[in-house]
Amino acid sequence: MKFDLRQNALNIVIWVLLITMPAWMNAIGGYTQLGTQVVIMGLAAMALNFLLGHTGVLSFGHAAYFGLGAYGVGMTIRYLDASTPLGLLVGVLAGAVAAALIGPLIVRRRGVYFAMVTIAFGQVFYFIAVRWNTVTGGDDGLTNWHRQNIDLGLFKINIMDSAIHFYYFALVIFALAVGLMASILHSPFGRTLIAIRENERRTRFIGINVNFHIWMSWLVSCTFMALAGALFALQNNFVDPHSLYWTQSGIFVIMCVLGGMRSFWGPLVGAAIYVVLQDYLSSLVSDYWQFFIGLVFVAVVLFFPRGVMGMLRRRAVE
Amino acid sequence: MSFLKVENVSRHFGNLVAVDGVSMTVEPGECRAVIGPNGAGKTTFFNLITGMLGLTTGRVLLEDKDLAGIDPTHRVKLGMARTFQITEIFPELTVSENIRIPVETAAGLSMKARMSASQRSGVRQRIDQLLEEGGLSRIAHRYAGELSHGDQRATEIMMALALNPRLLLLDEPTAGMGDDETHAVARLIKRIHRESRMTIVLIEHDMRVVFNLADKITVLAEGRPLAEGTPAEITANAKVQAAYLGGAA
Ligand SMILES: Nc1ncnc2c1ncn2[C@@H]1O[C@H](COP(=O)(O)OP(=O)(O)O)[C@@H](O)[C@H]1O
Ligand SMILES: [Mg+2]
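Residue numbers (our numbering), protein chains in the order written: chain A, 1 to 318; chain B, 1 to 249.
Please keep in mind that the hints were generated in silico from the structure rather than gathered at the bench.
Fair warning: this is a prediction, and the values are worked out from it, not measured in the lab.
Heads up, the beta-carbon is just placed ideally off N, CA and C, and yes, glycines get one too.
Check the hints yourself; a few may be wrong.
Chain B is faced by these chain A residues, among others (derived, beta-carbon under 10 Å) [to be verified]: (1) 132; (2) 133; (3) 135; (4) 183; (5) 194; (6) 195; (7) 199; (8) 206; (9) 207; (10) 210; (11) 212.
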């Protein structure tokens with residue numbers, strides 16, 4: 001009961017901070033777009049953590065699904081129909097269909113072998129994005145498209161010009177996605193995933209089809225990843241092959257580890273640290289920012305193996 | 001009709017023959033003990049029955065149904081549940097959550113993303129009942145990984161029972177326990193057997209436990225069947241005396 005109380009307090013703090021972000025972001029030296037990036041990268045990291053932290057399966061190829069979402073929305077708006085909702089839908093479906101098809105080929109692997117096949121499949125999408133340049137724009141990325149305002153009949157959401165409108169647009173989608181992930185994790189199905197993380201052999205001998213449940217978790221994880229990727233492309237009005245390169249997958253893993261994989265909100269915290277540090281350091285030391293992020297990462301792994309949230313939680317218990 | 005029928009099963013690991021032509025017939029409601037020195041192939045024998053390992057030769061039948069090609073997960077659905085020589089539980093979950101997962105699975109909820117109010121209260125009641133039966137109520141909210149060895153073993157047994165099995169396989173349930181814990185676990189198994197008439201096969205080193213619980217005993221040595229009979233017959237068996245009981249007693 002005590003723990004529930006603390007979890008509720010944490011939920012309230014996080015949501016209040018997110019909802020009021022545009023009001024204080026400038027005061028502390030940030031800007032609204034930076035907050036938007038935290039929310040979008042936070043969604044991506046939480047999507048990865050559905051598989052990594054809550055099912056115990058390490059993917060190193062999640063950028064592929066992030067990228068599929070991003071190209072899905074960009075190509076739809078550029079070639080098909082200038083509609084933001086349709087673009088989002090196509091982006092998410094592209095990621096989900098790819099994950100559904102690739103899943104059965106990889107769910108028998110475990111540990112580092114699973115990570116390696118996810119990289120391999122991820123790189124396939126990277127090379128397609130680079131080589132098919134007449135359609136994707138190749139290395140230069142997909143340009144000449146722009147997110148469109150959303151017409152809800154009664155009123156329009158002006159996400160084209162207003163950074164604040166786009167922030168809240170992204171936050172509403174984030175809230176729906178995160179709420180859905182939380183409700184899955186608190187269901188009997190979600191508990192089977194935790195069981196797999198905790199002890200795969202025991203789970204199998206409870207009569208749970210472990211590979212099938214990992215496939216489901218992978219599918220949920222990749223689908224939300226594609227949603228995050230689509231939002232990312234909408235924010236930038238641009239997408240290039242970097243967003244599906246394997247190093248981007250590594251960045252998502254780093255966010256989860258920084259924030260704490262066992263904590264529901266950990267990856268959001270990790271994403272916030274990463275995005276803010278990157279923004280701050282790259283203005284300060286230009287090219288060397290990755291070095292400093294690397295130092296922070298190593299320090300966290302050495303001293304707080306359960307990430308920032310793991311450390312806070314221990315403090316709270318003591 | 002016999003309940004579990006194991007016919008002439010063998011298992012080779014390279015040149016090593018871990019189980020060598022063992023047969024065993026267990027009647028419904030029977031409590032069977034499998035004994036034998038370390039390395040006799042007892043655990044491997046369990047792994048063959050539960051499908052964790054493939055057979056080199058032989059057949060395993062549950063109620064006359066040949067289990068060939070049925071994986072461990074589906075054997076659980078046919079009513080087999082087991083514990084392991086080295087306890088397999090969910091260490092970072094509480095005892096109550098450890099029990100909850102098999103309870104929900106047995107209720108057919110493991111693919112469900114939501115539960116109705118009646119399902120929720122049914123699950124809650126079943127968890128409480130199992131905690132109570134296993135003497136785990138007082139530690140229901142402790143993390144399983146922090147418990148004493150004996151409490152972890154009891155948790156694992158209750159997780160197996162949560163599946164409502166018809167055949168319960170226990171691999172050395174009292175291994176590494178002191179007298180008090182051994183006694184408590186033996187009493188628990190005895191009560192389960194008496195109250196539910198569940199068919200139980202257990203591997204056990206402690207002869208007091210074996211003679212207290214078993215209707216019949218199968219003795220393995222070096223992978224081969226050495227003897228089979230009632231506790232009295234096994235005590236009187238000269239081969240068993242020489243190979244095993246003599247050495248242990
Ligand atoms: N997976 C395995 N691979 C190779 N050898 C094994 C394996 N499992 C068991 N063995 C060997 O089979 C023999 C029987 O082991 P086991 O069934 O664990 O015996 P028991 O449970 O009676 O002590 C031992 O010699 C053991 O080393
Ligand atoms: Mg053994």
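Comparing the hints with the structure gives:
1. 132: It is violated, given that the least Cβ distance between residue 132 of chain A and chain B is near 37 Å, above 10 Å.
2. 133: 42 Å, violated
3. 135: For residue 135 of chain A, the interface hint is violated, since the closest Cβ of chain B sits about 37 Å away, which is over 10 Å.
4. 183: Where the cut-off is 10 Å and the nearest Cβ of chain B is about 7 Å from residue 183 of chain A, the hint holds.
5. 194: 7 Å, holds
6. 195: It holds, given that the least Cβ distance between residue 195 of chain A and chain B is near 5 Å, below 10 Å.
7. 199: At about 5 Å, which falls below the 10 Å cut-off, the nearest Cβ of chain B leaves the hint on residue 199 of chain A intact, so it holds.
8. 206: 5 Å, holds
9. 207: Since chain B brings a Cβ to about 3 Å from residue 207 of chain A, closer than 10 Å, the hint holds.
10. 210: 7 Å, holds
11. 212: With a closest approach of 9 Å, the residue 212 of chain A hint holds.
Violated hints for the displayed structure, listed by number in ascending order: 1, 2, 3.
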